[in-house]
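Residue numbers (this note's numbering), protein chains in the order written: chain S, 1 to 413; chain E, 414 to 680.
One should not assume that every hint holds.
[Unchecked claim] A few chain E residues that face chain S, going by a derived Cβ cut-off under 10 Å, partial list only:
id, residue
1, ALA455
2, PRO465
3, MET590
[As the list claims (entries may be wrong)] The list that follows gives simulated cross-link-like pairs (lysine to any residue, SDA-like), each with its CA atoms no further than 20 Å apart:
id, chain 1, residue 1, chain 2, residue 2
4, E, LYS478, S, THR323
5, E, LYS478, S, GLU140
6, E, LYS680, E, ARG428
7, E, LYS478, S, VAL161
8, E, LYS478, S, GLY269
9, E, LYS478, S, ASN165
Rather than coming from a laboratory, the hints here were simulated on the basis of the structure. Ideal placement from N, C-alpha and C gives every residue a C-beta, glycine not left out.
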Amino acid sequence: MSAPALPDLSGHFGRYGGRFVPEALVRALDELDAAYRSAKTDPQFQAQFAGLLKNYAGTPSLLYRAERLSERLGAEILLKREDLNHTGAHKVRNVLGQALLAKRMGKPRVIAETGAGQHGVASATAAALLDLECVVYMGETDTERQALNVARMRMLGATVVPVTNGSRTLKDALNEALRDWVASVDTTHYLLGTAAGPHPFPEIVRDFVGGIGVEARAQCLEQLGRLPDAVAACVGGGSNAIGIFHAFVPDESVQLYGFEAGGDGVATGRHAASITGGSSGVLHGARTYVLQDEDGQTVESHSISAGLDYPGVGPEHAWLHDTGRAEYEPVTDDEAMAAFHLLCRTEGIIPAIESAHALAGAARIAPLLKAELGRTPTIVVNLSGRGDKDVHTAGAYFGILDQVEALVPGENA
Amino acid sequence: MSIAEVFHKARTEDRALLVGCMPAGFPTVDDSIASMIAMHEAGCDVIEVELPYSDPVMDGPVIQKASDIALSRGVRSRDTLRIIEAVAGAGATVVLMTYWNPIEKYGVNAFARDLAAAGATGMITPDLIPDEAAEWIAAADEHRLDRTFLVSPSSTDERIAMTVAQCRGFVYATALMGVTGARTSVSSQAPELVDRVRHANPDMPVGVGLGVGTGAQAAEVAGFADGVIVGSALIRCVLEAPDRATGLSRLRTLSAELAEGVRNPAK
Numbered sequence: 001m002s003a004p005a006l007p008d009l010s011g012h013f014g015r016y017g018g019r020f021v022p023e024a025l026v027r028a029l030d031e032l033d034a035a036y037r038s039a040k041t042d043p044q045f046q047a048q049f050a051g052l053l054k055n056y057a058g059t060p061s062l063l064y065r066a067e068r069l070s071e072r073l074g075a076e077i078l079l080k081r082e083d084l085n086h087t088g089a090h091k092v093r094n095v096l097g098q099a100l101l102a103k104r105m106g107k108p109r110v111i112a113e114t115g116a117g118q119h120g121v122a123s124a125t126a127a128a129l130l131d132l133e134c135v136v137y138m139g140e141t142d143t144e145r146q147a148l149n150v151a152r153m154r155m156l157g158a159t160v161v162p163v164t165n166g167s168r169t170l171k172d173a174l175n176e177a178l179r180d181w182v183a184s185v186d187t188t189h190y191l192l193g194t195a196a197g198p199h200p201f202p203e204i205v206r207d208f209v210g211g212i213g214v215e216a217r218a219q220c221l222e223q224l225g226r227l228p229d230a231v232a233a234c235v236g237g238g239s240n241a242i243g244i245f246h247a248f249v250p251d252e253s254v255q256l257y258g259f260e261a262g263g264d265g266v267a268t269g270r271h272a273a274s275i276t277g278g279s280s281g282v283l284h285g286a287r288t289y290v291l292q293d294e295d296g297q298t299v300e301s302h303s304i305s306a307g308l309d310y311p312g313v314g315p316e317h318a319w320l321h322d323t324g325r326a327e328y329e330p331v332t333d334d335e336a337m338a339a340f341h342l343l344c345r346t347e348g349i350i351p352a353i354e355s356a357h358a359l360a361g362a363a364r365i366a367p368l369l370k371a372e373l374g375r376t377p378t379i380v381v382n383l384s385g386r387g388d389k390d391v392h393t394a395g396a397y398f399g400i401l402d403q404v405e406a407l408v409p410g411e412n413a
Numbered sequence: 414m415s416i417a418e419v420f421h422k423a424r425t426e427d428r429a430l431l432v433g434c435m436p437a438g439f440p441t442v443d444d445s446i447a448s449m450i451a452m453h454e455a456g457c458d459v460i461e462v463e464l465p466y467s468d469p470v471m472d473g474p475v476i477q478k479a480s481d482i483a484l485s486r487g488v489r490s491r492d493t494l495r496i497i498e499a500v501a502g503a504g505a506t507v508v509l510m511t512y513w514n515p516i517e518k519y520g521v522n523a524f525a526r527d528l529a530a531a532g533a534t535g536m537i538t539p540d541l542i543p544d545e546a547a548e549w550i551a552a553a554d555e556h557r558l559d560r561t562f563l564v565s566p567s568s569t570d571e572r573i574a575m576t577v578a579q580c581r582g583f584v585y586a587t588a589l590m591g592v593t594g595a596r597t598s599v600s601s602q603a604p605e606l607v608d609r610v611r612h613a614n615p616d617m618p619v620g621v622g623l624g625v626g627t628g629a630q631a632a633e634v635a636g637f638a639d640g641v642i643v644g645s646a647l648i649r650c651v652l653e654a655p656d657r658a659t660g661l662s663r664l665r666t667l668s669a670e671l672a673e674g675v676r677n678p679a680k
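Chain S extracted, bound-state conformation:
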């Protein structure tokens, strides 16, 4: 494909992206952009990053042919095992890259926002490894729901600040991190957790997690001798999805599917499907699809998966959607949990509930692709994270916590 590289120099993907930020942050964003451009072409930085990814994070992650699941779904399913990375998700790639960048810029402090706590834990991990001060903003509602992750972050030496304004969830944590950054840009790097926010974050995060797709593409060629028919990923902010999509974008024979959190169903209004259930707007520094009311006020999102529970999406996904290069569909809580259960029982893998959305989507498109292609389709599913963190939620959903409680009194107290 001869399409120009995106984003353009001002950070736009078509009409999406850009910088909708207070002027106070522009210099920091410009400095970050310049530091990233120089790091991108610096062999020493790239070697350092590659070394950490390989020796610390444990990548390349496996591309695993899930035989029993494939049989059940009527498609050849290849799982990109990002759940096996250190800290249990694709996010370690982004935090290592950005923490190295913070070091390079001479900034001794990083701040991060987190919803369920996964990005917070990953940030605290990278900060501990690279000896950076780390402050994590987390909605008060989430600190209560995810007390174990709060403990993890503190063990790793991070300061966790519960955010008590607005809806007290991820979007408010992000607001608070931006407010901190406005006041601390000289010493602080904002370690943004997804491929969203003002330019250059969507590009930087995409590039740092882009190894997922580069690896998966090479693994397909090596293991199958050909490219897959489709790639499926869950989409909240969209970092794991853009990470696996990006290398496949020029391969026109490969269909790209992003599965958003449909919550109780898009029609109910209780969902986190920004593309399929939202509209174009500006949130957290970029123009993209957002969940908003008639007045442009952000609407609270809902999903059983805390990691997808965000009322916006990265701008590159908005662009991939509008251009038709990728398709986005909602997956409800119930569909995701059915897929969660299926993977547990067929493959002995407990996925993150986020990743279960991608599995449910793959199950949905498998028969359609089969009909379209006239043969068994091959689908790469990004298994973006492991489900240990979701055991409580899933246990409650399937009604099995009571049984555990009966066997081991006090275990879940």
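Got chain S; can you put chain E on it based on the hints?
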């Protein structure tokens, strides 16, 4: 009066101009109108109406809380326009301060048209930089509205020159690196920033906001800036008052104190 005329008048009186900020619909639509008119009568030269927004990243706790209260009571963008109409109708010079998404959702040109019709002189856009503002710049020209963008201590000289060139009416200089909210002292970065703006364009009036809450601080800022912008300290008068009458009375007292301050600029 246009903003330019108000600044000119203040200059001829050898004083700075006082801009008082209040969120629309806080705590109710009628209360916010009463608050703004009280501020106007007690000496605020310009009323800055803030359109409440769900994700106000430039605002500290006081304005966040006031905006949350207004939104939780269901204030709509069209209520903000109605409030502006009432306050401008009472003789005040009114500017709107708003985050960008509500304007984009309303439709930029339609909003500019309705804002001008409501009697506002222009708009302050804390999260819209000129780089992304082509549509607003065109709409402001068409509907003869002033455009106030922000400059910050971290802005480069090039960005200050570019931003000031896109402003009309006045430029908003954020006195410090941080969010809105009263501070115990005026930022030492503010005078230098104002100097840098004047270097870019000596004729562009400069309003300084962030961290000003007392008459003495207003006098200090009036010593080097054309306008003194106060928000959180005024809003707190209402937020912390036990009842409506006390809130209005505190608002009048503080507005008068600030108005006195801008008339006695520190030399």
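Hints, one by one, checked against the model:
Residue-level restraint check for E/ALA455 is violated (minimum Cβ-Cβ distance to chain S is 30 Å; threshold 10 Å). Interface restraint check: E/PRO465 against chain S, minimum CB-CB distance 8 Å, threshold 10 Å, status holds. Because the beta carbon of E/MET590 sits about 5 Å from the nearest beta carbon in chain S, less than 10 Å, this interface hint is met. Taking the CA atoms of E/LYS478 and S/THR323, the gap is about 40 Å. The hint is violated against a cut of 20 Å.
Restraint check for E/LYS478 and S/GLU140: the C-alpha separation of about 16 Å stays at or below 20 Å, so the hint holds. Pair hint E/LYS680 plus E/ARG428 holds up; C-alpha atoms about 11 Å apart against a cutoff of 20 Å. Note on E/LYS478 and S/VAL161: the hinted pairing holds, with a Cα-Cα distance of about 18 Å set against a maximum of 20 Å. Proposed proximity of E/LYS478 and S/GLY269 is contradicted: the alpha carbons are some 26 Å apart, above 20 Å.
Our distance criterion of 20 Å between C-alpha atoms is met by E/LYS478 and S/ASN165, whose separation comes to about 8 Å.
Hints 1, 4 and 8 from the list above are not met by this structure, while the remaining hints are.
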